[in-house]
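Chains as they are written, first to last, in the numbering used here: chain A, 1 to 487; chain B, 1 to 487.
To be clear, the hints were calculated from the coordinates, so they are not data collected in a lab.
Given the structure is predicted, the values throughout are model-derived calculations rather than measurements.
Even glycine gets a Cβ: it sits at the ideal position worked out from N, Cα and C.
There's no promise every hint is true.
Said to hold, decoys possible - Some chain A residues close to chain B (C-beta under 10 Å, calculated; not the full set):
1) Val45
2) Ile122
3) Ile123
4) Trp130
5) Asp282
6) Asp283
7) Gly323
8) Ala324
What the hints assert, rightly or not - The calculated DSS-like cross-link candidates involving lysine-lysine, where the alpha carbons are at most 30 Å apart (straight line), are:
9) A:Lys291 with B:Lys450
10) A:Lys152 with B:Lys108
11) A:Lys129 with B:Lys17
12) B:Lys380 with A:Lys86
13) B:Lys450 with B:Lys229
Protein chains: 2
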Amino acid sequence: MSDALQQEQLVKEIPPKAADLSAWYTAVCLKAELVSYSPVRGCVVLRPAGFGMWENLQKHLDERFKATGHENAYFPLLIPESLLTKEAEHVEGFAPEVAWVTEGGQEKLEERLAIRPTSEVIIGVMYAKWIQSHRDLPILINQWANVLRWEKATRPFLRTMEFLWQEGHTAHATAAEAREETERMLDVYQDFAENVAAIPVYAGAKSASERFPGAVETFSIEALMPDGKALQSATSHDLGQNFSKAYDITFADANQQIQHVYTTSWGMSWRMLGAVIMTHGDDRGLRIPPKLAPIEAVFVPIVRGGDTSTVEKAHELAKGLRGAGYRVRVDDRDYTPGWKYSEWEMRGVPLRIEIGPRDLESGSVTVVRRDKSKGEDGAKTSVPFGELPAKLRELLDAVHDSMYAQAKAFLESHTFVVSDRDEFFTKCRERAGMIDIAWCGRPECEAEVKTATSATTRNTRALQTPGAKCVACGEPATVNAYFAQSY
Amino acid sequence: MSDALQQEQLVKEIPPKAADLSAWYTAVCLKAELVSYSPVRGCVVLRPAGFGMWENLQKHLDERFKATGHENAYFPLLIPESLLTKEAEHVEGFAPEVAWVTEGGQEKLEERLAIRPTSEVIIGVMYAKWIQSHRDLPILINQWANVLRWEKATRPFLRTMEFLWQEGHTAHATAAEAREETERMLDVYQDFAENVAAIPVYAGAKSASERFPGAVETFSIEALMPDGKALQSATSHDLGQNFSKAYDITFADANQQIQHVYTTSWGMSWRMLGAVIMTHGDDRGLRIPPKLAPIEAVFVPIVRGGDTSTVEKAHELAKGLRGAGYRVRVDDRDYTPGWKYSEWEMRGVPLRIEIGPRDLESGSVTVVRRDKSKGEDGAKTSVPFGELPAKLRELLDAVHDSMYAQAKAFLESHTFVVSDRDEFFTKCRERAGMIDIAWCGRPECEAEVKTATSATTRNTRALQTPGAKCVACGEPATVNAYFAQSY
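Kindly produce the complete structure, drawing on both the sequences and the hints.
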């Protein structure tokens, strides 16, 4: 089979992204072997190619958590029903989504156990045990864990019954410190989204109706997908004293007065990988931002007439690069180079390193960037063997920057500052992108917009024009809000 | 309160190790804040000090898994009952320990879902989907996960309902490759135990009665605890074609013949940390082997007359050490140095770095080793500031080596090669340690020994004296076996 034919067959299996984002997305997730559907309804398997991205996400986020003073711990998966029901809003929010263990060790249980949908409850109970004095504060703990929320639908990364995430849970002596922590972690998420995942986001406060059940204030970062729908990519909650009062988490302050602590929680899940796939992919398949890529560069040696010296050289160069801290692979399988080019493009590896007999003679390789089109300026670079370790860093950084710039240009060109009511409703209905308006902040107004257009507030920030009226309803505006339809 | 008094009070809370290992163990786990009991029966919380050890275990094992060609993935937590029951021995072995989800999303489920007690089943089902051709083999996947086995008793790390572990699952084209993999991973575990956890172990095959349910052969590494009981620290299973036949995992070989694959699985859990605590701890508390220690060295600056220049110097030196890759902390809290010495000794930090006003003048610090007694040769070393980065590596290596040597000396002095029947039964009953005998390999013989002495085979290896008779029963011996009472 010719290279071209093989290539075409491969590409054929991924439908064009612009025509049907949803079909493209599912095809890419499966074809790139990120996930596989499992026989358990609502649950997917994260395959090595997908888990490799998750590991890099973990590494970069975890470094940021530790740099801001947090430590990791692990809390139980199961939560007794009697504990779950203590914070009223919280249990109301999560009860419909809970899976219950009712039998264990061949006996029926006296009390049902919930599989954690989130861990505020069990962690709150432990904090009540651990915290006595102001000297025990703050407590800054994060947990990497699986959680489960009953879902009928399944969409890889975006909507699954079980998912992997991290959940930070902190306790503080004052409301101000808790708020500061909430905002600090929102900043960490934004930094991660932009500088690791190469996805620009809008950060702000959720409206009352979109708040986490039990929170005083919820903040989020929101990314814009190519179909004009927003994707909430992480949240950070100021829980005030709601949980400390429900679970009796108190401390003796410096004056020996007993006070309730202030708590926060914040989380990012594997949903973020869904944003990465949709934001960066193209008709050839995945494009993984370099810092999340399990393989940063793949060597494709070209073998002519059975001479495998290019393969040996590729392995030698790869070994050197691994020593310099790079994640590289040599594809020495028995397929044609053309097939391999398509395959690794589809799998989204940021750089391909071609090494043929002529390269061997000239002592250089050809590095091809996944983020550029064929023939585009800078798509191919010839790099002498000895310069590879230094040049690769430079190229990976350039790939990250250009992916971010592309995503940023999309977000900016699909953000609309609107002051006209009709235009606002039209843009919301059309799924035009992020629609930025002066807003009254009233739940009734938000509900009306939602009924009429399917759009909701994504997040809000300080009112940009003092004295403005709400674009949706004409009442006095209190904030600026991004409206959009959402995942 | 004087330093000495504070110190005494602290130490008082940990009972002597030799008198009652079990009481000592529980006290250390709680006092060093490794774990906390939770309101969920059988489940403990792994607190930051304990999770930090687990993170280091993960790092070192994961590196070894990747170096031997494995990748990580993540499979669903829940397993439908109909799938679990396909491999007869397996389901029989695990059914009594399963927790069942019977309700979800406010509805009663049509089919019960098991919380994974281990993942051979769900992974087998996925491998059947993924594997078509010999080109797809081998599959070398590992998963870091929580699993749940219904337990009445709770002992931190050693016996808990939910626990953290890793489980490797591989599929191969031939029986020989599967066996090779099983043995390779056993070697990895032994290497980890000895070179990271500083625990010498005996590696070998389990007897038929101690095999994993569904395995053709199970191998284990076994450590000896201070009370003379063995602790199985990791297992590696050759599953033959048992699971591939039950779950129909087949491939087309090079001749296009359909064959069943050969599978393996292997695991180490947080139980290993229980072995670490018991093996190395002493009457002052924990002693963490350096490679597992969340904090390798702790600075205790001594402040005289309100002059905090030692604190500042400690922070400066700590910063430099962190840059050189060390995990260090400065304890600048408002406690006396003596209290801090006891506290960090109890928490098992391998090195303490004292820095007082006189040290500042001489430009050096005093490094104190946790593995040595006060006044013992080499317990204290004066190190000039500039030599700290190099010297610390040397000292940490020395601590590891001496901890390993101590554990090794204990194991060797508590291993008995026995050829007399009465002596064998006595030593088994007395919990003398690892009792090495020529053994017949018969389940009936093993059962008799167990009834009479509570001891079982830990693992077996090639018969050391050809023609020998079984020391327990007089039948012809087929292997050498270590017998011991066990955790």
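To see whether the hints hold, each was checked on the structure:
1. Taken as an interface hint, Val45 (chain A) checks out: its beta carbon lies about 5 Å from the nearest beta carbon of chain B, inside 10 Å.
2. This hint holds: Ile122 (chain A) has a C-beta 7 Å from the nearest C-beta of chain B, less than the 10 Å allowed.
3. About 9 Å separates the beta-carbon of Ile123 (chain A) from the nearest beta-carbon of chain B, less than 10 Å, and the hint is met.
4. With its C-beta approaching chain B no nearer than about 7 Å, Trp130 (chain A) sits inside the 10 Å limit, and its interface hint holds.
5. At a threshold of 10 Å, the smallest CB-CB gap from Asp282 (chain A) to chain B is about 26 Å, leaving the interface hint violated.
6. Checking Asp283 (chain A) against chain B by beta carbon gives a least distance of about 26 Å; that is not within 10 Å, so the hint is violated.
7. For Gly323 (chain A), the suggested interface contact is broken, since its CB lies about 14 Å from the closest CB of chain B, more than 10 Å.
8. The beta carbon of Ala324 (chain A) comes no nearer than 16 Å to any beta carbon in chain B, farther than 10 Å, and the hint placing it at the interface is violated.
9. In summary, the hint linking Lys291 (chain A) to Lys450 (chain B) is not supported, as the alpha carbons are separated by about 55 Å, beyond the 30 Å threshold.
10. Distance check on the hinted pair: Lys152 (chain A) and Lys108 (chain B) sit about 14 Å apart at the alpha-carbon level, within 30 Å; holds.
11. This hinted pair checks out: Lys129 (chain A) and Lys17 (chain B) have alpha carbons roughly 27 Å apart, not beyond 30 Å.
12. Distance hint between Lys380 (chain B) and Lys86 (chain A) is unfulfilled; the C-alpha atoms sit about 53 Å from each other, more than 30 Å.
13. Pair hint Lys450 (chain B) plus Lys229 (chain B) holds up; C-alpha atoms about 14 Å apart against a cutoff of 30 Å.
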